[in-house]
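Asks: Take the two lone chains, each set in its own frame, and fit them into one complex as the hints suggest.
Spelled out, the chains give:
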Amino acid sequence: MSKALLYDATICIGCKQCEQGCATENNLPYSDSIAAEEKQSEHKFTAVLTRGDKFMRRLCMNCQDPACASACPVAALRKTAAGPVIYEEGRCMGCRYCMLACPFNVPRYEWNKLFPRVRKCTMCPNRVAAGKQTACAEICPTGATKFGERDELINEAQQRIRDNPGQYVKHIYGLNEVGGTSVLLLSGVPFDQFGYSADVPTEPMPLLTSRVLSKVPDVVMLGGVLLGGIWWITNRRDDVAAAEDCEKNSAFEDKKRGQDENGKA
Amino acid sequence: MAKPRFGFWSVILWIVMVLGGYSLILRFARGLGASTNMTDEFPWGLWIGFKLFAVALAGGGFTIAAVVHIFNLKRYRPVLRPMILTAFLGYSAFICSLIIDLGRPYRIWHPVVMWNDHSVMFEIAWCVMLYTTVLALEFAPAVLERLGWQRALVWLRGVMIPVVILGVILSTLHQSSLGSLYLIVPGKLYPLWYSPLEPVFFFVSALCAGLAMTVFESWHSRKAFGKQLEQSLLTSLGRVLAVALSFYLALRFVDMVHRGVFHLLLLPRTETYLFLLEIALLLIPTLLLFQRRIHQNPTALYFCSVLTLLGFVTNRMNVAITGMEASSGTYYFPKWTELAITLSLVAGAFAIFWLAVKYLPVFPPAHETHLAQSARVAAPSAAASPAVPELTHAGS
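Those sequence lines, one after another, are chains A and B. Going letter by letter, the first sequence gives residues 9 to 273 in the numbering used here. Going letter by letter, the second sequence gives residues 162 to 557 in the numbering used here.
Don't take each hint at face value.
Cross-link-like lysine-lysine pairs, in silico, DSS-like; alpha carbons within 27 Å at most [stated by the list, open to error]:
#1 A:LYS140 x A:LYS87
#2 B:LYS496 x A:LYS47
#3 A:LYS154 x A:LYS178
#4 A:LYS256 x B:LYS235
#5 A:LYS87 x A:LYS47
#6 A:LYS87 x B:LYS349
#7 A:LYS47 x A:LYS24
#8 A:LYS154 x A:LYS62
#9 A:LYS223 x B:LYS349
#10 A:LYS256 x A:LYS47
#11 A:LYS121 x B:LYS235
#12 B:LYS349 x A:LYS47
#13 A:LYS178 x A:LYS24
Because the hints were derived from the structure by calculation, they are not lab data. Predicted model, so just to flag it, every value in this text is computed and none were measured.
Extracted from the complex, chain B is given alone in its bound form (with noise of 0.2 Å):
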């Protein structure tokens, strides 16, 4: 049953991939004038929107490694490595749209030895540097494994809690800088979605993003794989999600009580649309999540994580295109060539999550799963040493 599945995405995946593949060649052959729809008036299109949102999928990296190695909460281990992973790949993803985005990609380094202090930028690229490395170090373990070399584990094991706290504190900067990023244009972002509060909604939101991502991923993986979180640990991510997402929709409504802002959702206009589908993508799973039967079905969970992840996707795209437009005085709407990067990217991430669930022990096997909690009852200090969950060690 699933491989007629497996072969209709696949297809989708390599028509995806010719065509962002022709798109590459067209941007890096012809300029950025050819290959997308920005002007002068609008110089940051959807690709930016997509860095703000695939960095926000990354959330889930740095709350699921503070909440297993600093807050010790160790019932989340097994959620670890796919968060990891997940945080990896959305900042893959972020850095090599950046590649393309970029005006002179050869110039990326630049940062690294030419510096601005008071650029937002500039601090958003050494944040970006830094926790990949962190994330790569934070997930070697699963490949570590895989490979046997236990003595690099070992290594590893011992700087693995100053790489967490290094790795919480750069992504808090990084996710509410890219906030940050807006408040400069207090003349052009929409003021429903302009606010000195935008730092902090972008960390609060990624948190979000990133356990919805969690439960997304996980319910993928059970039907791929039949691997997959407990669904008592599934239960627990959708209830701190509900309470997440409340947080967040209160702070949006008290920012934008402080700022007046409330009379704008009377225009009709389409950032009031767009606004509203905003808001609806995210108010109904979190007013779902709260019940029971929601957060214990795991079909129920699954369709509110989607609608969590399509509210932030709305939200980034809102900040960057929709929030922009109306000051530039301009239409945009993305060429199909962005288009199809942006997809093959998506598509590209996808396909290595699938690949290292398949080659990585990644997703605790579903037999292993009961193992784990007598193991944990058991030992309680065992899993103590850091990304190794035991578990899964025992049964490669």
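So here's chain A without its partners, still in its complex pose (with noise of 0.2 Å):
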């Protein structure tokens, strides 16, 4: 049901039209100096590396079970059923916990704005509503960046590989990826040399602290009926000791009359 995109290194010219796309529609600066940067930032939400003669994009992954969404206290991404990985800015406090999670290191925050918002790639949420295509798959002169359903698209990317096994890297990264991603690429060279990690675990990353936060009503449980239960048995030996005491030593009788009740009671 999910919508996707799929990158072919093998296909992108490193025209940077998807850039140029993304800028417009997120109402980013776009200029040759910023063209001329290969790294996402608070004012570009793609890049394409360029090394040789061969290319690679850079975007927010879109994960399907995202660890920026887990991670985010009050709730200000989420993952929607359609795909995209949205950022509403009125919840957001700027924990900036997102940017610490994402196993992309895509977030981006606005340090130099007195009220600065996280930013990323969105996948063009309004678009991809409305029916429409992202800008970046949309303004793809040579099909590089293809957007459609995620199940069709990996069946695609798998088709190309096996009508090309000499021309691909055999892997998709995004398939099984951080429990799978809705950006899937091809590349003819390992990803690792564009910076994608060979070694994200393939589980998804809220599972790792999910299994944690899972106990925490059973700790609130039994923590209370345990603590409570000692300090029942700890105070009734005090009034018991007490109420001895008293028995023993009639000096004190007046002093504690009110245990010595308790102790009988």
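Replies: Rendered as structure tokens:
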């Protein structure tokens, strides 16, 4: 059901029109000097990297089960059913845990603003909701970035690798990485040459913390009963001791009357 | 003799406060970019490390509250208030630095109404809110005694046990959840520190840091006011600290064995050196504290507590900064403004602690310690009324 992007680096000609389209869609500045910046930033949500005659896009992977969304304490980041991982800036308090949690180091921050926002590619949620392609896919002149149903794009990517085994690294990046992403990559050279880590886990990142968080109610329940029980035992022992003490030593009787009665009760 | 020392420290205090004040203005007038060295590659800096440590110091609060109120070990009652106060100040420092660190601090209340129960940060937000309230209630008797508000005191005694139980649970959750924050960064935190047991490490080390902090405070309190804990009590704390530290170090060791990361110690890297520094700072006091001539000597005990505290500062900074650097591909060292704000928070906490010890019944006055002992023998159940040691009450 969910939408995705398939980027095939072997078809990419490095024209950077996707950068241009992204900037227009997101009201970001774009110029020759920004085009030369080969990294994502608070004013550039996607970047085309160039290594000789090889290219690679960087953008938010829009994970199926995103670490950023699970990390965000106020649910400002959210995975939508349609695919995009969106950001509601009105909720964000700026803890930047999403930036730490993201396995691909995607979220950027407006460090030099007094009321900063987290910035990242959100896979054009408005366009997707309206049944359109993302801006980068629409503008791409070669079809290197293709928009479609995730399942269909996976089939197509597998087909391309089967048809031209010599041309591709036998791996669809994003198929299983961190439980799958809505951006799928094909490349002729190993992905880690462009900073896509080869050793990200294949299980969704949020599992790492949810395993622990799921125990919170148990800790509250069992801890409460246990501590309350210990208190009851230790203080009961005290009451009894006080009562016995009173019987032995009548000099303290007045002082202890309260405890004595408790002891008998 | 005490006066010139105090003069020296108050000058330091003022310098730190002025620099901190300037940095604070810079931070709120110009933003995080101008006032910190944090970047997109390194979004969590010194302030996070400081927060982790401030909360660790508060670990003594729930430990001793449980020991005195729940386990009913009355011997430790004199430790209760300094620990609770420390915890309260630790949490206050945490909240202050959070307000400074958040990009939009005026939205700090958002987790109250905007929920995401999958987020460790959400759990932390709630624990901080609730446990700071609990600590305020736990420390309130000291203030109420001073004000002489008997009815409020009686009411507080009535609710103290549930409050203490809630506090123990909340801080168990909070201490461990600060470690859980880092569970989601397996590829980023250097393997010497990244461990699935991180929440457990944070919890146990908070116990140790809290104990060390008590010894540390008692020594300074004696220097400044002649008020301190009995030596026999300090000795006991030293012994407990030795065992707690041993357990912590054993846990770290076992974890490293299972994860098979010892070979990393052969690499000549910054991480290796700072890891070894951290372990050395914790191992030395552990070994020393098992010796009678150390844990019975106030100065040696103090020295051990300082090493322990430095060890945990190093640990928290290693997790927050050292361990995250390599994967970020950048180099981070805090800007002077970050340091100034952190130091002024520390100085502020010390100043408030100093004022509290001076004006509130925090430590038992020296001459009443014996009185307390005899009172305990005579009336074993007298101290069962929570949080209000009759001894200090009688003295005021």
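Asks: Determine for every hint whether it applies to the structure shown.
Replies: Checked hints:
no. : hint                : verdict
1   : A:LYS140 x A:LYS87  : holds, 18 Å
2   : B:LYS496 x A:LYS47  : holds, 24 Å
3   : A:LYS154 x A:LYS178 : holds, 19 Å
4   : A:LYS256 x B:LYS235 : holds, 22 Å
5   : A:LYS87 x A:LYS47   : holds, 24 Å
6   : A:LYS87 x B:LYS349  : holds, 23 Å
7   : A:LYS47 x A:LYS24   : holds, 13 Å
8   : A:LYS154 x A:LYS62  : holds, 18 Å
9   : A:LYS223 x B:LYS349 : holds, 25 Å
10  : A:LYS256 x A:LYS47  : violated, 83 Å
11  : A:LYS121 x B:LYS235 : violated, 54 Å
12  : B:LYS349 x A:LYS47  : holds, 19 Å
13  : A:LYS178 x A:LYS24  : holds, 26 Å
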